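K.L.:
The residues making up each chain are set out below.
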Amino acid sequence: MISAFAFSPSALADKLSGAHSDKLSGARSDKLSGAPDLRCDLVHVSCLPYLLGEPLPERTPDRGGSPKILVSFPFISKGAAYRAFCDRFEEFAERFDGFTVQNLGDFGMLCELLEGSRKVRREDLIIAGDAALNVTNASTAAFWSGKLDVCAILPELGVPEHLELIKRFPSGLIPEVLLDAQKIVMRSEHCFAARGNAYKCGKCGKTGLLGGSIFDISGNEFPIITNPLDCNSILLCPPAANASAAPFFDIPSESFYFRTL
Amino acid sequence: MAFLLSPAGNPECLVAGVQNGADEIYLGLTSFSARAGADNFSLENLGEWVSYAHVRGVKIHVALNTLLKDTELASAVEMAKEADRLGVDAFILQDVGLAGKLAGVVSAKLHASTQMTVMNLQGLKMAKALGFSRAVLARELSLPEIEELAGAGIMETEVFCHGALCMSYSGQCMLSCFTTGRSGNRGTCSQPCRLKYSYNNDKNSERHLLSPADLAALPYLDRLVATGVSSLKIEGRLKSPEYVAAVTRAYRHALENPGADVTQDMKNLTVIFSRGGFCSGHQLGKLPKKDITLYYAGKTGLPCGEIRGKITQFRKNNTDLFTANVSLREPLAPGDGISFAASPEFGGTVNIIEKKGERAQLASPGDTVRITVSGTVPKQLKEPLLICKTLDQRYLKELQKSFAKGAELRRVPVTARLSTSDGSVILTFSDGVRSAAASVPFVQGSGAPAETLAEIISATGGTPFDVTSVDIDGDCGFLTFSTLKKLRRDAISALTSMREGRQSL
Chain S
1 MISAFAFSPS ALADKLSGAH SDKLSGARSD KLSGAPDLRC DLVHVSCLPY
51 LLGEPLPERT PDRGGSPKIL VSFPFISKGA AYRAFCDRFE EFAERFDGFT
101 VQNLGDFGML CELLEGSRKV RREDLIIAGD AALNVTNAST AAFWSGKLDV
151 CAILPELGVP EHLELIKRFP SGLIPEVLLD AQKIVMRSEH CFAARGNAYK
201 CGKCGKTGLL GGSIFDISGN EFPIITNPLD CNSILLCPPA ANASAAPFFD
251 IPSESFYFRT L
Chain A
1 MAFLLSPAGN PECLVAGVQN GADEIYLGLT SFSARAGADN FSLENLGEWV
51 SYAHVRGVKI HVALNTLLKD TELASAVEMA KEADRLGVDA FILQDVGLAG
101 KLAGVVSAKL HASTQMTVMN LQGLKMAKAL GFSRAVLARE LSLPEIEELA
151 GAGIMETEVF CHGALCMSYS GQCMLSCFTT GRSGNRGTCS QPCRLKYSYN
201 NDKNSERHLL SPADLAALPY LDRLVATGVS SLKIEGRLKS PEYVAAVTRA
251 YRHALENPGA DVTQDMKNLT VIFSRGGFCS GHQLGKLPKK DITLYYAGKT
301 GLPCGEIRGK ITQFRKNNTD LFTANVSLRE PLAPGDGISF AASPEFGGTV
351 NIIEKKGERA QLASPGDTVR ITVSGTVPKQ LKEPLLICKT LDQRYLKELQ
401 KSFAKGAELR RVPVTARLST SDGSVILTFS DGVRSAAASV PFVQGSGAPA
451 ETLAEIISAT GGTPFDVTSV DIDGDCGFLT FSTLKKLRRD AISALTSMRE
501 GRQSL
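Protein chains in written order, with my numbering: chain S, 1 to 261; chain A, 1 to 505.
Calculated from the structure, these hints are not laboratory results. Note that this is a predicted model, so its numbers are computed, not measured. The beta carbon of each residue, even a glycine, is placed where N, CA and C say it ideally should be. Watch out, some of these pointers could steer you wrong.
Stated by the list, open to error - Selected chain S positions facing chain A (in silico; Cβ < 8 Å):
{"id": "1", "residue": "SER17"}
{"id": "2", "residue": "SER77"}
{"id": "3", "residue": "LEU104"}
{"id": "4", "residue": "GLY105"}
{"id": "5", "residue": "MET109"}
{"id": "6", "residue": "GLU112"}
{"id": "7", "residue": "ALA132"}
{"id": "8", "residue": "THR136"}
{"id": "9", "residue": "GLU156"}
{"id": "10", "residue": "GLU161"}
{"id": "11", "residue": "GLY219"}
{"id": "12", "residue": "CYS231"}
{"id": "13", "residue": "SER253"}
Stated by the list, open to error - Calculated cross-link-like contacts (lysine to any residue; reagent style SDA-like; alpha-carbon spacing at most 20 Å):
{"id": "14", "chain 1": "A", "residue 1": "LYS382", "chain 2": "A", "residue 2": "ALA341"}
{"id": "15", "chain 1": "S", "residue 1": "LYS78", "chain 2": "A", "residue 2": "LEU143"}
{"id": "16", "chain 1": "A", "residue 1": "LYS196", "chain 2": "S", "residue 2": "LYS78"}
{"id": "17", "chain 1": "A", "residue 1": "LYS203", "chain 2": "S", "residue 2": "LYS78"}
With the rest of the complex left out, here is chain S (with noise of 0.2 Å):
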């Protein structure tokens, strides 16, 4: 199964058409979604997004069914946007097919808020769990599986490793791999858009999410995504497709999923 991250409603409405243009190649996309195309099965959605204003997606029936879309938890677990995608957890919940947590305290939270809640029930949400939550081997995998539906593997990990870790993850814990996709790999308190010699924290007047990327020294370029919210930003990997998925393609492909770019 083929799954994807979006960092904004419309690269989530390309994922949903299957128009994004994915350099994923369509006969990579055939073998492990075993469909031509490059419909995605499942979709985490960053929340940030939403809570700048966005409208939230209508969870219409035409969509079949497929792809799942999951709201993620914010970046980071804590101020005025983690505070005000809790405030809006029941209105989330509503139009997402579930969500993607974080990390310990993300999981935690989200139980806490489906205790409090009437209307949301578990049974009713696909629950997935981030790279983030840095999981790297069967025994940590065990302790999400019955927690989480769906669970990434931390992408550090070589081909050989996420081959044979998949062997071993529990039952009713779906495996997620990130080889291909564009990670995060720094999330910080620190804004990386912020220019000169002072934040103007709140009065920088940049209101939405934010391009631009820092480059290391070889030119390799790191897309920065921000948080006008917190003033907080992260940091993605390189967009270029970093591993073959070939030799994932001798896995059932209902067995796990393959993020894309």
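Since the structure of chain S is already known, use the hints to place chain A on it.
P.N.:
Okay, now just chain A, sitting in the frame of chain S:
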């Protein structure tokens, strides 16, 4: 009062931490340590150092804080069990799978590493459910946020008070792995945040954009302690024993003297190691922009003077040297290291100081002196030519005494009682929790005066114990001085053995 937790990359650092006032020491073993580049400790020598620390009332925390592959888990568990048998007090863990395998199996406590990114109450609760009794909180928390978590009573909390800061939340950084193949999560961070980056590929903006200055909470330590945090952690398992000694000493002094002036300590710490001066991290609010070390990501030192007039460069015996007149703000002595504030990669070691034409062994603030330095000068010099002290030989030597072989600055107070019972003379030492005794047969006769006996019993120099009071209970008969000294040694030895095991202090 919060515990003070010092780093030890090797045994010398451990001694430096213990002797200068640490309550707890954290160290790594030869594998599974997030500081693989440190010397670290082996299971063969760990027991010796656990005993050394315990006898002096200090706990040992073992950092097994890397993420583990399936193929590594079994050996990590075995290593933890062996360290547990050696009496370590806690394991610092990142890997959830390893925590699951150790919880309820080892006697040592489990501490959630800062690599687990615990930053809210729910994170603490989850960590507790996993079997952790302490969490090292994310370095990005402010004092009110720390206070909220520390005050929740869920578990002990630990925060960093001094040392290098990461740009990323710890445990959430893959930059090193994806740029160099060396994973910070697995103990081999290549520190890419200290390299140069540019915005939008504008080469003119190439700076150390991701490099924060080092943290120092010393100036507001009372506020940090007031959050109710359980332990204050000093970063630096890759640092020298002198660094561990200096930082531990400064924070111990501040903890025991709240409100005391820390100006001199801050200067000392700046010389020992500081990157871009010091900052408060995120503890007093968002990391100020000025605390990103845009122009230099290495050691910068303490501004100590200004060069007046021309610098003369020359070579002698294949060594680059320069001389200059300097107006001093801080003391300077031959052997000290200096650098140029605007170009810290240049500078060197002060060989000669001349004051009014005479050689001086020490120059003071306010003096204008001529210095001869073995080192290099930047090609482009910008006024004012501020120089920084990067090494203070006299201070270094003073620190080195504190961890020299046999140094016992950190002495445990004990009381002594000399008594008789059933035909024996018994000497008992007590540390307030445990009592250890040694005895010799009672010999009838008149002994030395009580003051003399007390003096001999109190002569515990060279041991970790300081006798605060001696109680001579009745007639102890005839005791030769050599017998009494043996009695003292035996009782001290017994108390030492009793204190070596795991203890709740």
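K.L.:
For every hint, state whether the structure bears it out.
P.N.:
Evaluation of the provided hints:
1. SER17: At about 30 Å, which exceeds the 8 Å cut-off, the nearest Cβ of chain A leaves the hint on S:SER17 violated.
2. SER77: holds, 5 Å
3. LEU104: Check passed: Cβ of S:LEU104 comes within 4 Å of chain A, closer than 8 Å.
4. GLY105: holds, 3 Å
5. MET109: holds, 4 Å
6. GLU112: holds, 6 Å
7. ALA132: holds, 6 Å
8. THR136: holds, 5 Å
9. GLU156: For S:GLU156, the interface hint holds, since the closest Cβ of chain A sits about 5 Å away, which is under 8 Å.
10. GLU161: Since the shortest Cβ distance to chain A is 6 Å, the answer is holds.
11. GLY219: holds, 7 Å
12. CYS231: The hint holds - S:CYS231 has a Cβ within 8 Å of chain A, the shortest such distance being about 7 Å.
13. SER253: Nearest chain A Cβ about 23 Å off; hint violated.
14. A:LYS382 to A:ALA341: holds, 10 Å
15. S:LYS78 to A:LEU143: holds, 14 Å
16. A:LYS196 to S:LYS78: Outside the cut-off at roughly 29 Å; violated.
17. A:LYS203 to S:LYS78: Judged against 20 Å, a Cα distance of about 35 Å means the pair is violated.
Hint compliance for this structure: hints 1, 13, 16, 17 are broken, all remaining hints hold.
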